[in-house]
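Novice: Whenever a hint applies, use it, and build me the whole structure from the sequences.
Residue numbers (my numbering), protein chains in the order written: chain U, 1 to 794; chain D, 795 to 958.
Treat the hints as calculated values from the structure; they're not laboratory data.
Listed next, the stretches of chain D that the computed footprint assigns to chain U, with coverage defined by at least 3 CB atoms under 8 Å from CB atoms of chain U:
no.: 1; stretch: 837 to 843
no.: 2; stretch: 890 to 899
no.: 3; stretch: 921 to 928
no.: 4; stretch: 936 to 947
We put the CB at the ideal spot given by N, CA and C, even for glycine.
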Amino acid sequence: MSGSVATERRTGVLGSSVPRKEDDRLLQGDGRFTDDVEPARSLHMAVGRCPFPRARIESIDVEAAAAMPGVHQVLTGVDIVARTEPIGVLRPVPGAVQLPFYALAEEFCVFEGQPVVSVVADSRQIAEDAVEAIWIDYEPLAHVTDTLAALEPDAPVIHPDRMESNLLASNPQHRGDAEAVLRDADVVVGDSFQIGRVAPLPMEPRAVVAEWRPGARELTAHVATQVPHLVRMQLAESLRLDEGEVRVITGDVGGGFGLKLGLYPEELLACRHAMDLRRAVKWVEDRLEHFRASTHARESVHEFRIGADADGTFVAMTDLYTTDLGGQNSGFGSAQLSSIVFTGPYRVEDGAVERRVAVTNKTPVGAYRGYGQPEVNLARETLIDRLARRLGRDPYELRLQNLLGADELPWRNAAGALYDSGDYAQCLRMVAEAIDYERLRAAGRGPGEDGRYRGVGFTCFVERTGYASAKFLANRGSRYGAHESVTLRANRSGGIDLYTGVSTFGQSNETAFAQICAEVHGIDFDAIRVHAGDTGATPLNTGAFASRTLIAGSGAVREAAQELRDKTLRIAAGQLSVEVEDLEVVDGAVVSRTDPDKRVTLADLHRAAIIGQGLPADEQPGLEATAHFEPTDAAYAYGSAAAVVAVDAETGEFEIERFVLAHDSGRIVNPGAVEGQVRGALAQGFGAALTEELRYEPQSGQLVNGTMLDYFVPTASDLPAVELLHTEVPSPVTPFGVRGVGETGTIPPGAAIANAICDALAEYGVEISSLPITPELVWRAIRKAGNGGESREG
Amino acid sequence: MDELIEITVTVNGTVHREQVSPRMHVADFLRRGLGLTGTHVGCEQGVCGMCTILLDGDAVKSCLMLAPQLDGREVRTVESLAEGGELAPVQRAFKEAHGLQCGFCTPGFLMTATALKESGRSLDREEIRDELSGVICRCTGYEGIVNAVDRVLNGDAVGVEDER
Chain U
1 MSGSVATERR TGVLGSSVPR KEDDRLLQGD GRFTDDVEPA RSLHMAVGRC
51 PFPRARIESI DVEAAAAMPG VHQVLTGVDI VARTEPIGVL RPVPGAVQLP
101 FYALAEEFCV FEGQPVVSVV ADSRQIAEDA VEAIWIDYEP LAHVTDTLAA
151 LEPDAPVIHP DRMESNLLAS NPQHRGDAEA VLRDADVVVG DSFQIGRVAP
201 LPMEPRAVVA EWRPGARELT AHVATQVPHL VRMQLAESLR LDEGEVRVIT
251 GDVGGGFGLK LGLYPEELLA CRHAMDLRRA VKWVEDRLEH FRASTHARES
301 VHEFRIGADA DGTFVAMTDL YTTDLGGQNS GFGSAQLSSI VFTGPYRVED
351 GAVERRVAVT NKTPVGAYRG YGQPEVNLAR ETLIDRLARR LGRDPYELRL
401 QNLLGADELP WRNAAGALYD SGDYAQCLRM VAEAIDYERL RAAGRGPGED
451 GRYRGVGFTC FVERTGYASA KFLANRGSRY GAHESVTLRA NRSGGIDLYT
501 GVSTFGQSNE TAFAQICAEV HGIDFDAIRV HAGDTGATPL NTGAFASRTL
551 IAGSGAVREA AQELRDKTLR IAAGQLSVEV EDLEVVDGAV VSRTDPDKRV
601 TLADLHRAAI IGQGLPADEQ PGLEATAHFE PTDAAYAYGS AAAVVAVDAE
651 TGEFEIERFV LAHDSGRIVN PGAVEGQVRG ALAQGFGAAL TEELRYEPQS
701 GQLVNGTMLD YFVPTASDLP AVELLHTEVP SPVTPFGVRG VGETGTIPPG
751 AAIANAICDA LAEYGVEISS LPITPELVWR AIRKAGNGGE SREG
Chain D
795 MDELIEITVT VNGTVHREQV SPRMHVADFL RRGLGLTGTH VGCEQGVCGM
845 CTILLDGDAV KSCLMLAPQL DGREVRTVES LAEGGELAPV QRAFKEAHGL
895 QCGFCTPGFL MTATALKESG RSLDREEIRD ELSGVICRCT GYEGIVNAVD
945 RVLNGDAVGV EDER
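Specialist: Shown next, in the form of structure tokens:
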């Protein structure tokens, strides 16, 4: 990699809230989302889905549907099993048996909404009518939807041909002897925490448009995805094509949040149909399908324990947790990051964590912003407050006592994660000061004049952002790397075309990459054009997930911009007869620092390089640079939050009066974009903490609230006011000192709100151990506490 | 198949006479019939608000109306806002206030904000939040959107971080 960036802060564009490159087209209705693409004479696909949580397909009669006017093709599982390979898993569960899945069920269905037949017709309407005309005989089979019940000995085994139980895998990690330390600890607190199943719910549903030209052997697939190069790999594998025959184009993507990570069955089906029919085939997911066939997230049960000395020093933590995979694999599968951050930002030597993966008859679970970190944060942080109450300590003081100090970093936690740098206590002090914690404590918990109790809840967290090298990933069987790449190409207008495989779905990546390019090269921000998400035009990369884009991408942009700049200056030095060291890029030209009259425009230099005329004798024609960059380590972002909540002890209703988050994302490239990321993730965190939960009815195994009317996503009027504070401690392990920022906000809401409610109702002895936290849940917790801990439900 | 129905509708200032299917909703008509793909479809259930357009000046969810109902009406979509490549004030406000990220919901918010502006009503931030609650954004947490609409309705109020 190139050395220090001598040009830093030269343009002032890095670190400022420049207007986003993405905005003008999106504001004018000129974004190009996948559904906006419609090749001439396109056909349309509809998918028939299993209505049962588990069933055996006895027969499928497609005759009537296939004969309907306007219907071109019907595919069933038998066709797909014969003519495609199973969809590959990008992030396999370590130690798990393979559960390959095909785009259509062959004989057994394992969740409601699983694709069973697909129809292509002249219009979506005809295709849907034809799906209705297909007669499928199902034999419903015994099912299980509850995560822990699935692991009971009497549970029906969902994949009896491959598994002896529904436990897919068990991944323990530990340091020291946590069990022994807990036995000797002065005090141990522990509980079981249930985290609800939620939908990431990007506003743009999934979509695909597939075209195949057999003579050219070229499949072009427009796919709404976060990982076009990985989808290309998966399509080639499943369709038995060479990768060179597949081109994936994302265009604009309307939100991802982890849901659009990797190939889904419908995308493969559209491609299969297009190849069979030699016509463009389009499928756009409707929202009812989305709730059943796009990945869900978060659902898990954490058995967490904390041991401490009488003086409050944490001595050990353990977490045995079970994630719910649903009926089969998805590209990423259920959350894996609870393990890596289970001890949080605290000084804990002895720890043990074990992740279990349970298969249930529900929609497959995949990645979602946070990917295990919000879940484990609820368990650990509510237990810290209970520990404080047990010891008669202030929860704020107890946290300060146990937080790792800035001088103790880097620190390797009990799961092996290396926290790089930061001042964790500073963020906690900032939020306490912001809410005037001392005054609130002095004022007491109430009840106040309005009859409500007031409590304060804190939470502290670390967040892993990015990946530590491909070697780390390879050990875990991942089928992708840790690097990012970029190609910069000078154009004759004096601008730079920037090509990246990172698709654009709201992360402001086009803006951030251009800011870094401008900063390093010296070219105007406005003269950079970003081309994102087309595998036919962009260098092979990894993709946008795990808060890793900027961590890896900034290094690639820096190296490529440096290379392009160096060559540009050498050509200019030859033309102007000055030393390279005397030159800089200013206002679209290369100018001599000592003699500003000596200047040549970038447009002239780019033309000279592209044509190959007027170059120094030892320079090759062309002006283009590609760089790949792999960070050496993950960077750990961190923060603290405080919530002030007023609670009605009669009804359980509560109001979040204040919510303050102080966080550190390292060096900030674009403050406006960072704030947007944090606030957006917080909104999703509030949703999962308060109102969002996908509910299955256990007897029928049906999803009971899978529509936008029944699943409560926060609207503009639902969210509490949020106050944001930042620190900016550069990470020593990343280019420019950046840390990832996309997922931070999902982590703290649940724990901070739960702790505030329990603090407000401390005299009742109320405890909260699950998400979402509804008024009903609080009311039940009050009743349970008032009844000596016994639940007394009507 | 379906019998087509002829309608005459003014969309973004242009009069269209079109044959439409009685089962086609307005969002599909605008997107497929007229190629105005700036109006997005998110739930086809009238909840998410991606498809919000102006119908005779009112913000409505175009997935809840059928194309034949447009006969004799006047429609405006997001494509009508900018003139000659110049962003309209409401679009500029969203850009300056970081009121969008993925941009999929943005047309719905822009058309809702346009209707609010044209209503001439004065709204405080809480009222703005209520008025905007018919459109869902999953990216921004709404703060930038509320700031943008506040600026559009009430002048230069962007930058208010703490709205308490």
